[in-house]
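Join the two chains, each given in its own frame, into one complex according to the hints.
Chains as they are written, first to last, in our numbering: chain U, 417 to 531; chain B, 422 to 843.
Be aware that one or more of the hints could be misleading.
Claimed, not checked - Which stretches of chain B does chain U cover? Using the computed rule of at least three CB atoms under 8 Å from a CB of chain U, they are:
1. 564-575
2. 746-759
3. 781-795
Derived from the structure by calculation, the hints contain no laboratory data.
Backbone N, C-alpha and C define an ideal beta-carbon position, used for all residues, glycine too.
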Amino acid sequence: MRTCSILLALLTMQLTFSLSPALAIDSIEPQSLSAQPLYVQSLAATCANCHGTDGHAMNGATVPGLAGRNADELVTQMKAFRSGERNATIMHQIAKGFSDAQTRQLAEYFAAQKR
Amino acid sequence: MDRRSFLQASAALTLGVSSLNASAMGGAKVVVIGGGYGGATAAKYIRLFSKQRIEVTLVEPEQSFVSCPLSNLVVGGSRTLADLSRPYSSLTKHHGITHARDTAVAVDPVARTVKLAGGNVLSYDKLVMSPGIDMNFASIEGLPAAQQQGKILQAWKAGPETNALRKQLESMPDGGVYALTIPEAPFRCPPGPYERACQVAFYFKQHKPKSKVLVFDANQDVVSKPALFKKAWADRYPGIVEYHNQHKTVAVAAAEGLIKFDVHDAAKADVINALPAMRANKIATQTGLANMADGRWCGVNYQTFESTAAKDIFVIGDAIQVAQLMPKSGHMANNHAKVVAAAIVAQLSGIEPNPQPMLTNTCYSFIDDRNVVHVASVHEYLANERTYKVVPGAGGLSAEASELEGSYANNWARTIWADMLE
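With the rest of the complex left out, here is chain B (with noise of 0.2 Å):
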């Protein structure tokens, strides 16, 4: 029997029958926690894969998605943040999905249930969490504090932030110091800080050409594309860039514009922008999800993304302990989402999960506000290991950075704002 009979055949084997799936996985309820790049996607992927038989709650506080990816560009001055927004309505307009304008501050893995700030509590079948990332604030001497006065800021996820870092370089005399320090990887966006370098670099280079832009990175080398962010320094930034490994922040004092390091001397800068060390988000840590790499990170069976700390809890997106290789990016966290949807919908009918499923990861850098490199990688499951492994062979960076690249990363968001949440 071909494929093409066997598809009709199949087909018309279940004609009278096809009352029997709704019932099976007819009226369960997935709640998704976190309306970020993995939230969105997992919420519209599982409606779409159970051909919306499944009933999804979405649960985030925002109204329209920020996006992270490309945020960068609206501190370097070619975008705003009205830009990378888009609402979440039409996942409600165009997938029936509920979407619960709340936070989640608890969950009861035994009772199956989440508790929202606004008082009301779901249950669920299955839960998703894509809650994203939690900054170590005290991992940094005097953060907590210049952190709650504003004095220093991160806008390591897109909004208010953003803006106000924007605004500080704005506000910086023409021959200042914006510095830039970097936790030790794993953290969120591995070529983000370099991008930002960049980005405050295009800025300065137009508007403030006697200003720098100080590196300060608790690694050994740049995480992420190296070669290409070192020659963009080079040859776009040359005087206003200046790169320093091995630096990790132990001290902020925002007053006098100070920062310490573990080994180096102090360096000093009128706007700081300190990134700590990075976790789970709180709503992950505290229902016990957290339990590798010291609590920082959520373990989880990579076939189907479910907890190894509780059953029918799925943890996708930045949250995770990633497999070898693999990046904590908004397209990642994308991809997460169809496995984990694909994974749901095959457990709530009764088969078994994909044996073999794959990802693909491509992250963009914008060196200017047109010319962009990237590196792209391909990721399969490989079942006697039960782990995450690049195919051989596959993926790598630019040969350069280019406009060509410049308009597929603009081509890449727009398509994937729309792939989760349109």
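The following block holds chain U by itself, in its conformation from the complex (with noise of 0.2 Å):
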């Protein structure tokens, strides 16, 4: 809920900065950070096919949840998947599609999900 809230405040920002342009935040572009949470969210649903919408996997899945995991563990595991050392029959092939940023996102948007 923290994210959606946080979500929904900076959709309004570009509307906000358009209006009251005082308000606006030095070398801040107001498009561009209104914008962002969006598409992180947007980035995070392509991993919900398997692992649940925002990261909340089904009851007895065998493909594990991903809210509310620790960033960092989610970075160092996507690591480990695309350099091989951890086995997978997909992940691996998944994984490489995502670049450093991306999964940094990635990580950070689940970890901020309720489990």
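And the structure:
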């Protein structure tokens, strides 16, 4: 819920800034800031097919949930899939599709979700 | 300013003005046509991404979703359609989506309205079409009549035909022949026909071991996972599955069980399962959206999935002109839906749609009732090329069929159904 309300707040910002330019903070581009959480949320949605909506796995799932996991641990696991250090049937192939920056964004997004 | 303190500051900044956001998006109306993998997901995720600020109506005649993925297992006998069905009511209960149990019969892109078969007219600010495909029965001589009489089935949309095909196989004597004909790609579910050949062979091997599965493929080779499917046929179903490439079916005669090809000699079968050429569903074609490939598929701006033929109409799923190496699959439609949901929420909030959307795809195929193979890919939108390309080095195939992947395939199905409906 916390992330959702932040997302909503950020979505509001572009409008806020356009109506009240005095509120703008130096060196922050309002549009990119308000958009970014939505972009990350939709990026995270590409994981939901197997790991559940917002990383909430089904009861008895054979694939682990991601919600509320430690962000650094998630990044470490993704790197281990990519390097082949961690064996997989499919996740090593998917993990290679995401950049370091995207992986960090995903990890922080899921870490912020309630378990 | 680090990310956390920025987030706190920005949240604090906007506390007093959240009503502005509500008025920007609030009350906006989105209509979604089609409750398959694409449409149901789009409906749910527009509600999620907009924090329930956008009103969503899903136009879908059925009470329950029935999955095409896994429906070959119904043909093979290890699942029932009930196993693959989930009610749409959870979209209303959990997400406040209006389910219009009706069929869209006309769209007016200028007035921005959708007319339903029952007579109601829905107005929209944005329209998502996830209409699926139509079969071009007339592309095979004799098929329209045989189809209407229920003698030659497709069973390419999970439902009554899936059960009817199963019954045809059950009624066939041991020593009989089942023939599956495959049109030129692209068609819905690239690995689907080859998985079906495995499932019918799985049934024959147990109950009618003298019977044969003949696969007549208009394509040069097996379109998806060729090595894995051929290995399955050779190792598990020797003497049962016969694969014939470059056999384009041009005519069928149900009474004689005859299949005619463009070049090769005709073949005979007791059960003919003819898949004709496919194209975008009628509601999309009659709205003028099928502007690619001689009117077969709908062109979209891949960054947002907005139609290249009509403003404020978005097309996702099997009906679109696909980008390179993008399969017409349920998983892919689910991922299209998330891009379109974010794009619509962005547009209605006055912000730029994501400049770099991503898509993933996983197609699991059952080669018997437990062992599974997959193909996976990750697709990134390249702004300078205005299309998706697979991320180099990502994606791939199973090393071999396994029960472990079978457990993942079952997990995938359960999870994606919840991801779209619950």
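Against the structure, the hints come out as follows:
Check on the stretch 564-575 of chain B: 0 of its residues sit with their Cβ under 8 Å from a Cβ of chain U, so the three-residue criterion for coverage is violated. Only when three residues or more bring their CB closer than 8 Å to a CB of chain U does the claim for the stretch 746-759 of chain B stand; here the count is 4, and the claim holds. Residue count for the stretch 781-795 of chain B with a Cβ under 8 Å from a Cβ of chain U: 3. That meets the three needed, and the coverage hint holds.
Hint 1 from the earlier list is the only one contradicted by this structure; the remaining hints agree with it.
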